Amino acid sequence: MSLSAGLVLKVNESLCNKKLLLGRNFLSDVENLDQEVPIEVDSVQEQVNKEGNDKKGNPKDEFVEAWKKPQHIRHSFNNDSVEMSDDGIAVKLNAEKDIMNSNILKFSLIIKILGNKISFPMCSVELRRRWDRFGKFHMTSLGMNWILCSFKSEEAMEEVFNGGPWYVGGYIVGMDKWTTSFNLNSFKGITAPVWIRFPCLPLYCCDEKNIARIASRIGVPMYVDGNSFR
Numbered sequence: 001m002s003l004s005a006g007l008v009l010k011v012n013e014s015l016c017n018k019k020l021l022l023g024r025n026f027l028s029d030v031e032n033l034d035q036e037v038p039i040e041v042d043s044v045q046e047q048v049n050k051e052g053n054d055k056k057g058n059p060k061d062e063f064v065e066a067w068k069k070p071q072h073i074r075h076s077f078n079n080d081s082v083e084m085s086d087d088g089i090a091v092k093l094n095a096e097k098d099i100m101n102s103n104i105l106k107f108s109l110i111i112k113i114l115g116n117k118i119s120f121p122m123c124s125v126e127l128r129r130r131w132d133r134f135g136k137f138h139m140t141s142l143g144m145n146w147i148l149c150s151f152k153s154e155e156a157m158e159e160v161f162n163g164g165p166w167y168v169g170g171y172i173v174g175m176d177k178w179t180t181s182f183n184l185n186s187f188k189g190i191t192a193p194v195w196i197r198f199p200c201l202p203l204y205c206c207d208e209k210n211i212a213r214i215a216s217r218i219g220v221p222m223y224v225d226g227n228s229f230r
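Numbering-wise (the UniProt record's numbering), the sequence shown opens with residue 1 and increments by one.
It should be emphasised that the hints constitute simulated quantities derived from the structure, not laboratory data. All figures in this text were calculated on a predicted structure; none of them were measured in a lab. Do not rely on the hints blindly, as some may be mistaken.
[Unchecked claim] List time: in silico DSS-like cross-link candidates among lysine-lysine, alpha-carbon distance up to 30 Å:
1) Lys-117 to Lys-69
2) Lys-97 to Lys-152
3) Lys-136 to Lys-152
[To be verified] Pair by pair, the computed Cβ-Cβ distance ranges are:
4) Asn-79 to Asn-183: 25 to 33 Å
5) Gln-71 to Val-220: 39 to 47 Å
6) Ile-214 to Ser-181: 29 to 37 Å
7) Asn-183 to Lys-97: 17 to 25 Å
8) Asp-98 to Ile-73: 17 to 25 Å
9) Ala-95 to Lys-152: 21 to 29 Å
10) Gly-88 to Glu-155: 41 to 49 Å
11) Arg-128 to Gln-71: 21 to 29 Å
Positions of the beta carbon are idealized from the N, C-alpha and C atoms, including for glycine.
Could you put together the complete structure from these sequences and hints?
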């Protein structure tokens, strides 16, 4: 690979674009990543397992179960417990719950497929196939094509965040670490690591410092291809 045409640099390219998310509580799902879910097996399936057969359940039953709506959670709410701000406009949140929820989400990434609207089921299948080696993780659709991915450990989250680039259906996956300032209406902070080339770059510019300076006009330099200086 020649120096003038084969230089490749990996950069973290920022893409710059706030709606309050209300709905089902997915934090309990994220919190229970380590817990095993008990599965009831009927006597017929138990017999199949004992005999060592590899038969699967009825696909029709699995399809129905996948579309089964979760039961609603009944809440006995005391309106007198609500505290308002001094100006009477804003509701004061429960500080303890605030902190607890933030801790649950501390190993989470928010992602969005850039360039096309791809359904959540397709994203879930593709990303689970690619990220399964990093361990268990929980995916939640947030609306507006945003997806929350919560991991069991910081190491797994960092592996995914710094790996890639990742693709779904040929489109690149933009992502950022979840923070309390995340907003569905904003693209601020969303990045995707990509390799860029500098064809016909003068040989006297071919060093790590100068290449990084040039690449910094596009994004944040992360890696230089190890073959660039061979």
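Tested hints:
For the given pair, Lys-117 sits about 24 Å from Lys-69 by alpha-carbon distance, which is consistent with the 30 Å threshold. Of the pairs offered as hints, the one joining Lys-97 and Lys-152 holds, with about 20 Å between alpha carbons and a cut-off of 30 Å not exceeded. About 7 Å separates the Cα atoms of Lys-136 and Lys-152, which keeps this hinted pair within 30 Å; it holds. Roughly 28 Å separates the CB atoms of Asn-79 and Asn-183, a value that falls within the hinted 25 to 33 Å.
Between Gln-71 and Val-220 the CB atoms are about 46 Å apart, so this pair conforms to the stated range of 39 to 47 Å. Distance hint for Ile-214 and Ser-181: a CB-CB separation of about 31 Å, consistent with the stated range 29 to 37 Å. Take Asn-183 and Lys-97: their Cβ atoms lie about 20 Å apart, and the range 17 to 25 Å holds. The hinted window of 17 to 25 Å between Asp-98 and Ile-73 holds, with their beta carbons roughly 20 Å apart.
Between Ala-95 and Lys-152 the Cβ separation comes to about 26 Å, which falls inside the hinted range of 21 to 29 Å. Distance hint check for Gly-88 and Glu-155: the Cβ-Cβ separation is about 46 Å, which falls inside the suggested range of 41 to 49 Å. Arg-128 and Gln-71 have their C-beta atoms about 26 Å apart, which keeps the hinted 21 to 29 Å range intact.
Violation of the numbered hints given earlier is absent; every hint is satisfied by the structure.
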